[in-house]
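*Asks:* Chains as they are written, first to last, in this note's numbering: chain W, 1 to 118; chain G, 1 to 89; chain P, 1 to 516.
Keep in mind that the hints were calculated from the coordinates and are not lab data. As the structure is a computational prediction, the values presented were derived from the model and not from experiment. Each residue gets a CB set at the ideal place from its N, CA and C atoms; glycine is no exception. Just to be clear, a hint being listed does not mean it is correct.
Below, simulated SDA-like cross-link-like pairs (lysine to any residue); rule was C-alpha separation at most 20 Å, straight line [claimed, not checked]: (1) P:LYS51 to P:TYR29; (2) W:LYS79 to P:LYS466; (3) P:LYS9 to G:ARG48; (4) W:LYS7 to P:LYS288; (5) W:LYS19 to P:LYS51; (6) W:LYS69 to W:SER80; (7) P:LYS366 to G:ARG64; (8) W:LYS7 to P:GLU445; (9) P:LYS72 to G:GLN63; (10) P:LYS288 to P:SER440; (11) W:LYS19 to P:GLY428; (12) P:LYS9 to G:LYS38; (13) P:LYS65 to G:LYS38; (14) W:LYS79 to P:LYS72; (15) P:LYS439 to P:LYS466; (16) W:LYS55 to W:PRO45; (17) W:LYS7 to P:PHE36; (18) W:LYS4 to P:SER440; (19) W:LYS7 to P:TYR41; (20) G:LYS38 to P:GLU507; (21) P:LYS448 to W:VAL6; (22) W:LYS7 to P:GLY306; (23) P:LYS45 to P:PRO254.
Pulled from the structure, derived: some chain G residues nowhere near chain P, Cβ distances all over 10 Å [unchecked claim]: (24) ALA7; (25) ASP12; (26) ARG15; (27) PRO26; (28) SER33; (29) MET36; (30) ARG51; (31) GLY57; (32) HIS66; (33) GLU78; (34) ASP79.
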Amino acid sequence: MAVKTVKPYRFAPRDTVDKFPAPILYIGWEDHMMFVSPICLPVPPDTPFQALMDKILPDAYGMHPDFAKIDWSKVQWFKSGKPFVPEPAKTLRENGLGHKDVIRFRTPGLEGIGGAYF
Amino acid sequence: MSNVFIALQDTDEARPIIEAILADNPQSQLTHSPAMVKIDVPNRLVIRRERIEEITGLPFDLQRIHVNLISLSGHIEEDDDQFVLSWKR
Amino acid sequence: MDTRVEKKKLSLRERYHLMTRGLGWEPTYQPTEKVFPFTAYEGIKIHDWDKWEDPFRLTMDAYWKYQGEKEKKLYAVIDAFAQNNGFLSLTDARYLNAIKIFIQGVTPLEYYAHRGFAFAGRHFRGEGLRVACQMQSLDELRHTQTELHSISVYNKFFNGFHNPLHWFDRVWYLSVPKSFFEDANSSGPFEFLTAISFSFEYVLTNLLFVPFMSGAAYNGDLSTVTFGFSAQSDESRHMTLGIECIKFMLEQDPDNVPIVQRWIDKWFWRGYRVLTLVGMMMDYMLPKRVMSWREAWEIYGEQNGGALFQDLGRYGIREPAGFRDACDGKDHISHQAWLTFYTYDPVAAFHTWVPSDAELDWLSAKYPESFDRYYRPRLLYLREQQAAGTPVANKNLPLLCNVCQIPMFFTEPGDPRRICYRESVYEGERYHFCSDHCKSIFDHEPEKYVQSWLPVHQIYQGNCFKPGTDPTAPGFDPIKAVLDYYEINNGRDNLWYDNSEDRRNFEAWTAEARGN
Numbered sequence: 001m002a003v004k005t006v007k008p009y010r011f012a013p014r015d016t017v018d019k020f021p022a023p024i025l026y027i028g029w030e031d032h033m034m035f036v037s038p039i040c041l042p043v044p045p046d047t048p049f050q051a052l053m054d055k056i057l058p059d060a061y062g063m064h065p066d067f068a069k070i071d072w073s074k075v076q077w078f079k080s081g082k083p084f085v086p087e088p089a090k091t092l093r094e095n096g097l098g099h100k101d102v103i104r105f106r107t108p109g110l111e112g113i114g115g116a117y118f
Numbered sequence: 001m002s003n004v005f006i007a008l009q010d011t012d013e014a015r016p017i018i019e020a021i022l023a024d025n026p027q028s029q030l031t032h033s034p035a036m037v038k039i040d041v042p043n044r045l046v047i048r049r050e051r052i053e054e055i056t057g058l059p060f061d062l063q064r065i066h067v068n069l070i071s072l073s074g075h076i077e078e079d080d081d082q083f084v085l086s087w088k089r
Numbered sequence: 001m002d003t004r005v006e007k008k009k010l011s012l013r014e015r016y017h018l019m020t021r022g023l024g025w026e027p028t029y030q031p032t033e034k035v036f037p038f039t040a041y042e043g044i045k046i047h048d049w050d051k052w053e054d055p056f057r058l059t060m061d062a063y064w065k066y067q068g069e070k071e072k073k074l075y076a077v078i079d080a081f082a083q084n085n086g087f088l089s090l091t092d093a094r095y096l097n098a099i100k101i102f103i104q105g106v107t108p109l110e111y112y113a114h115r116g117f118a119f120a121g122r123h124f125r126g127e128g129l130r131v132a133c134q135m136q137s138l139d140e141l142r143h144t145q146t147e148l149h150s151i152s153v154y155n156k157f158f159n160g161f162h163n164p165l166h167w168f169d170r171v172w173y174l175s176v177p178k179s180f181f182e183d184a185n186s187s188g189p190f191e192f193l194t195a196i197s198f199s200f201e202y203v204l205t206n207l208l209f210v211p212f213m214s215g216a217a218y219n220g221d222l223s224t225v226t227f228g229f230s231a232q233s234d235e236s237r238h239m240t241l242g243i244e245c246i247k248f249m250l251e252q253d254p255d256n257v258p259i260v261q262r263w264i265d266k267w268f269w270r271g272y273r274v275l276t277l278v279g280m281m282m283d284y285m286l287p288k289r290v291m292s293w294r295e296a297w298e299i300y301g302e303q304n305g306g307a308l309f310q311d312l313g314r315y316g317i318r319e320p321a322g323f324r325d326a327c328d329g330k331d332h333i334s335h336q337a338w339l340t341f342y343t344y345d346p347v348a349a350f351h352t353w354v355p356s357d358a359e360l361d362w363l364s365a366k367y368p369e370s371f372d373r374y375y376r377p378r379l380l381y382l383r384e385q386q387a388a389g390t391p392v393a394n395k396n397l398p399l400l401c402n403v404c405q406i407p408m409f410f411t412e413p414g415d416p417r418r419i420c421y422r423e424s425v426y427e428g429e430r431y432h433f434c435s436d437h438c439k440s441i442f443d444h445e446p447e448k449y450v451q452s453w454l455p456v457h458q459i460y461q462g463n464c465f466k467p468g469t470d471p472t473a474p475g476f477d478p479i480k481a482v483l484d485y486y487e488i489n490n491g492r493d494n495l496w497y498d499n500s501e502d503r504r505n506f507e508a509w510t511a512e513a514r515g516n
């Protein structure tokens with residue numbers, strides 16, 4: 001125990017998966033800071049990864065003029081900052097994505113409004 | 001060498017204190033902002049009770065600077081006669 | 001002939017000694033460690049409490065006298081301001097949104113400080129230090145009260161002032177100051193003093209108070225100016241307590257140095273992160289601006305802080321670990337924060353807006369390295385969308401840093417194109433941070449931060465609805481339900497300034513005051 005205390009100091013973590021309706025996934029769109037930070041969504045683990053591209057990301061990011069221009073075949077994915085190649089037909093769980101994982105996607109050539117990474 | 005500073009409210013009451021600081025600290029730099037006067041001095045700033053009393057003609061309890069003080073920087077030494085801010089103890 | 005005997009007046013030092021040191025004794029009825037159970041566990045070694053140098057030697061009688069004078073002056077001004085509808089002299093009602101942030105995010109911290117110093121005032125062994133902490137506890141309660149009084153006049157006329165204490169415990173952006181101070185209040189007495197007296201009230205205080213109070217002076221807010229300067233003189237006593245405590249710990253035992261350094265690193269960074277709100281306020285929320293955040297940082301952070309840490313070098317203390325990154329952030333954090341609050345204004349209890357062209361030009365001039373390249377195009381886009389009736393609003397909840405609890409909008413030091421992502425895994429759970437320094441704070445004491453009450457997660461856990469709310473009911477709107485739980489008046493406290501009741505009212509009343 002790193003924290004100094006006068007008696008045992010142990011508390012259950014506040015954000016374990018059992019407390020949420022579904023595991024939490026954080027998603028960030030690189031170079032598009034109109035979405036000021038990565039977003040936080042509960043997504044059932046059996047959701048196919050393809051559903052991200054079909055529904056979840058369009059709902060979250062579709063308002064941005066760059067979104068319609070995305071070439072999904074060129075998108076680079078990252079998990080915890082490391083390159084990640086998802087299998088779209090498989091579920092999030094099967095793709096190794098668990099509670100409070102963070103993924104990012106970069107859309108090469110699209111640098112936001114006015115090229116200002118927005 | 002780094003500056004110490006004192007910042008005081010810009011009031012009638014504080015005026016003799018400000019004048020005393022300028023008189024006793026020749027390297028003072030005074031900055032005026034709305035409602036506030038800031039005085040920077042390299043390394044050491046002294047406020048002397050006797051100087052304030054000379055200016056006002058009245059006895060002055062040095063702890064009264066609390067009423068108009070806003071902020072300061074540096075190590076403090078205080079006694080009944082002077083209040084010093086400095087970077088060396 | 002009688003010889004005249006001069007009655008010798010006690011010196012300041014002697015008076016103070018008599019009225020403080022005389023109040024302490026070694027208990028015989030219980031072991032000392034039982035009477036003072038918190039003095040050793042942090043690992044700080046104190047060998048000789050007599051070496052404690054009282055920073056300001058205010059005895060209780062002097063305290064009452066001068067505080068009483070300050071109070072009378074202050075309340076006279078508050079009354080005059082209220083009686084004369086002083087708010088009509090504000091430059092612009094946009095300004096009041098800065099004061100909403102103050103009453104929501106700063107005033108509750110005064111109350112927390114009152115509680116924290118009451119604890120410290122009980123648990124230190126040295127009487128001089130106990131007296132100083134007790135006085136500070138009274139000061140902080142005074143600040144809570146005077147702030148609530150000074151700002152209450154605005155509550156009669158404007159939105160966003162009516163529920164600060166309720167909001168502080170619930171609303172997403174207010175968990176930033178709340179978690180900061182709860183971290184301090186749940187620390188031991190020595191860490192508490194390092195955190196609050198030293199890091200917050202000595203190193204960083206000028207970056208909180210001077211901007212708000214100068215901002216008030218520049219924008220016609222006499223009430224807040226007067227409170228601010230009245231409080232700030234208390235702060236001078238508080239500041240000196242902080243520097244004195246640091247020196248005392250460092251001089252008592254070399255083993256204290258690494259412990260104190262670690263605390264300085266942690267609390268400099270935590271305080272700096274809380275000040276993001278102040279940077280945003282200075283650059284965006286004052287119709288008549290005082291100076292930029294960048295300028296304030298250079299004066300009070302770099303120059304003043306630099307001088308201080310150079311001085312402390314003789315004890316083996318170096319500048320805080322996050323100092324360079326804080327300096328790097330000076331060109332960015334205010335803009336990044338404003339863009340965040342703009343796009344989340346539907347769920348905030350104050351208004352935001354897009355700056356005017358003149359204000360954009362001021363920002364360009366103050367931020368030659370960053371503004372035109374990154375932030376002006378973004379603000380112009382927001383303006384365009386607002387004019388089209390489709391204001392840009394972030395519809396999804398953000399990832400919050402587990403330590404500072406701010407949405408992760410901060411960028412990599414040295415690269416403002418990339419959001420900064422850091423993470424740790426602890427006992428099988430993953431945690432996310434905005435920076436190396438928040439991560440380092442977590443890694444050192446994970447048992448504390450696994451308990452972070454993160455508003456976004458709490459919303460998803462269903463803990464931010466009023467009792468009896470049914471999320472499965474048809475037409476359920478989670479945002480409306482959360483605003484209801486927050487007791488934010490939807491359509492009045494939140495959303496953008498241009499269409500606000502505050503704006504309509506202010507314009508109508510000032511026209512009325514100037515016409516017949």
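*Asks:* Each of the hints needs a verdict: does it hold here or not?
*Replies:* Hint check results:
1. P:LYS51 to P:TYR29: Roughly 26 Å between the alpha carbons, so the hint for P:LYS51 and P:TYR29 is violated.
2. W:LYS79 to P:LYS466: violated (36 Å)
3. P:LYS9 to G:ARG48: At roughly 19 Å apart (the allowed maximum being 20 Å), G:ARG48 and P:LYS9 satisfy the hint.
4. W:LYS7 to P:LYS288: Since the Cα atoms of W:LYS7 and P:LYS288 sit roughly 52 Å apart, the hinted pair is violated (cutoff 20 Å).
5. W:LYS19 to P:LYS51: Cα-Cα ~52 Å, so violated.
6. W:LYS69 to W:SER80: violated (25 Å)
7. P:LYS366 to G:ARG64: Cα-Cα ~39 Å, so violated.
8. W:LYS7 to P:GLU445: Since the Cα atoms of W:LYS7 and P:GLU445 sit roughly 15 Å apart, the hinted pair holds (cutoff 20 Å).
9. P:LYS72 to G:GLN63: Distance of about 18 Å is within 20 Å: holds.
10. P:LYS288 to P:SER440: Roughly 39 Å between the alpha carbons, so the hint for P:LYS288 and P:SER440 is violated.
11. W:LYS19 to P:GLY428: holds (15 Å)
12. P:LYS9 to G:LYS38: Outside the cut-off at roughly 33 Å; violated.
13. P:LYS65 to G:LYS38: Violated, at roughly 25 Å.
14. W:LYS79 to P:LYS72: violated (60 Å)
15. P:LYS439 to P:LYS466: Violated, at about 34 Å.
16. W:LYS55 to W:PRO45: holds (15 Å)
17. W:LYS7 to P:PHE36: Measuring from Cα to Cα gives roughly 15 Å; hence the hint holds.
18. W:LYS4 to P:SER440: holds (16 Å)
19. W:LYS7 to P:TYR41: holds (10 Å)
20. G:LYS38 to P:GLU507: violated (36 Å)
21. P:LYS448 to W:VAL6: Roughly 14 Å separates the two Cα atoms, so the pair holds.
22. W:LYS7 to P:GLY306: Violated, at about 38 Å.
23. P:LYS45 to P:PRO254: The given pair, whose Cα atoms are some 9 Å apart, holds under the 20 Å limit.
24. ALA7: violated (8 Å)
25. ASP12: The assertion about G:ASP12 holds, with a minimum of 12 Å to chain P.
26. ARG15: Since the minimum Cβ distance to chain P is about 15 Å, G:ARG15 lies beyond 10 Å and the statement holds.
27. PRO26: holds (20 Å)
28. SER33: Violated: least Cβ distance 6 Å, not greater than 10 Å.
29. MET36: violated (7 Å)
30. ARG51: holds (18 Å)
31. GLY57: Non-interface label stands for G:GLY57: nearest chain P Cβ at 21 Å, farther than 10 Å.
32. HIS66: Not fine: 5 Å to the nearest Cβ puts G:HIS66 too close to chain P.
33. GLU78: Violated, because the least Cβ-Cβ distance between G:GLU78 and chain P comes to about 7 Å, which does not exceed 10 Å.
34. ASP79: Nearest chain P Cβ is 5 Å from G:ASP79, so the label is violated.
In this structure, the hints that do not hold are numbers 1, 2, 4, 5, 6, 7, 10, 12, 13, 14, 15, 20, 22, 24, 28, 29, 32, 33, 34, in rising order.
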